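Numbering (UniProt numbering), first residue to last: 1 to 479.
Bear in mind the hints are in silico, worked out from the structure with no lab data behind them. Honestly, I wouldn't trust all of these hints.
Straight-line distance between alpha carbons at most 20 Å, and here's what the computed EDC-like set of lysine to aspartate or glutamate pairs gives [said to hold, decoys possible]:
id, residue 1, residue 2
1, Lys180, Glu206
2, Lys58, Glu68
3, Lys180, Asp150
4, Lys180, Asp234
5, Lys180, Glu43
6, Lys180, Glu239
7, Lys58, Glu76
8, Lys333, Glu374
9, Lys180, Glu102
10, Lys180, Asp195
11, Lys180, Glu236
12, Lys180, Asp201
13, Lys58, Glu102
Since this is a predicted model, take the numbers as computed values, not measurements.
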Amino acid sequence: MAMPMSGRGSRSRGSAPWSSVPPDLARRLQPIAGVLVRDAVQEIRRSVPAYAQPLEGKFREVLVGSVETAIFQCFESIVDPDAPTGDWQAVLRYSGRVEFLEGRTMDALQNAVRVGARVVWRHLSEHGRELGLPSDALFAVADAIFAWVDELCRVAVEGYTEAQAGASGALERRRRQLLKVLLGESPASARSLADLAASTDWRLPERVAVVALEYREDQHQLPSPAFGRDVLLDLESSEPCLVLGGPADRRGLEAELRGRRAAVGPVVPLADARRSLGCARRALGLVRRGLLPQARVTWCEEHLAVLALLADEFLVEALVGRALEVFAHLTAKQRHRLETTLLAWLGTRGGVVEVAARLGVHPQTVRYRMHQVERLLGDRLDDPDERLALEMALRARLLLHDAKPVERARAGVTALPSRANPPAADPAVRKPPAANPKAVNSPAANPRTANPQPAQAIRPARGAAPRPRHPARSPADPR
1 MAMPMSGRGS RSRGSAPWSS VPPDLARRLQ PIAGVLVRDA VQEIRRSVPA YAQPLEGKFR
61 EVLVGSVETA IFQCFESIVD PDAPTGDWQA VLRYSGRVEF LEGRTMDALQ NAVRVGARVV
121 WRHLSEHGRE LGLPSDALFA VADAIFAWVD ELCRVAVEGY TEAQAGASGA LERRRRQLLK
181 VLLGESPASA RSLADLAAST DWRLPERVAV VALEYREDQH QLPSPAFGRD VLLDLESSEP
241 CLVLGGPADR RGLEAELRGR RAAVGPVVPL ADARRSLGCA RRALGLVRRG LLPQARVTWC
301 EEHLAVLALL ADEFLVEALV GRALEVFAHL TAKQRHRLET TLLAWLGTRG GVVEVAARLG
361 VHPQTVRYRM HQVERLLGDR LDDPDERLAL EMALRARLLL HDAKPVERAR AGVTALPSRA
421 NPPAADPAVR KPPAANPKAV NSPAANPRTA NPQPAQAIRP ARGAAPRPRH PARSPADPR
């Protein structure tokens, strides 16, 4: 029987129970050892479904060899309880490894050992009574067999778990390699990808979503997420991530990622997995910088506008510099007021009342500021392309440089809220200021004498008389 041997000389911790069995019993029963092996093998194949197969090849070698080793060692231990154990332990450990590699479960392995032990006990007890052994001797045999079963199971399970750990480690390495190929710069061929997936127990999905996890120095101490086999994981690297085979279950994902900050990339075709990861990593970076709302799990599909706007910050900065150059000569305070007003105006189609409500200022203040904006921009506000460029530049400037969260909210520059969590009202928005008592007689402050422009449009229609170069100051926004 071609099985590994580890040499002799070690001692068995489980051999002590045999010391209470009369050595003469082993000598008298040793002639039936072959019958014990035959009956034990037959009973194992009959009683344990995993072993109900033809007794041939590797299966025969391992099963018969293991039973022979266990029974012969049983007799040897009765004769000499201190007999070396190196050989039989190596055989049983090897058998445990083979059982795993053949696909049989650990329960099946232990059941086979127990079934074989029952056969041995039945024969020994019957022959012992025939030989006139006293009850005390039979009880000692029973105790020894029970202890022997525990020892056999322990050694065989050691071999089984060693093989299991080795295979699991190899499988996890292949799965990490598959994840690396999926997210690599050079796309793999469909055939090589399919072959690698087949070797890793991962069904190739048509669409995936990639989740970027924030690196933590203590990430190795966090509990491992209990995802199924359809999720590829890399929790060890400096840029941890995972690949989901399709749309994610929001609640389940957030529960499994407890203790970790993450961003979920958009669902994309399998070939675009790297792009989903790039989007998720950008989102994590924007959350760290305060440009996206602070959340434990950020869903990129809820923030596509901001992600697209800031996808290339070099180009965005160039756009800001070109589109907003006309405001460069103003003080920071003046520039900020005009830009936030213009952005709100662009977002509300020029409705004075709506702009004023959004900014928390008087409508006349909006008119005054927009008159200044029109003088600076001229006909650019009539050009749709220019208006788009202005709005993009203004939103980018507020996101990247100027605005605090409250000011972003006033100007309408926020991450897209989820339906479940609409944005709260801004407690810092000012109410329209009260009328200045010193300016009661001013047309701008007295509704009976004022002649305000329509709220629907600030700019005059084409052909209308030009406004004065220096419009009257608004009492709500003194220079």
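Going through the earlier hints one by one, which of them does the structure break, listed in rising order?
3, 5, 7 and 9
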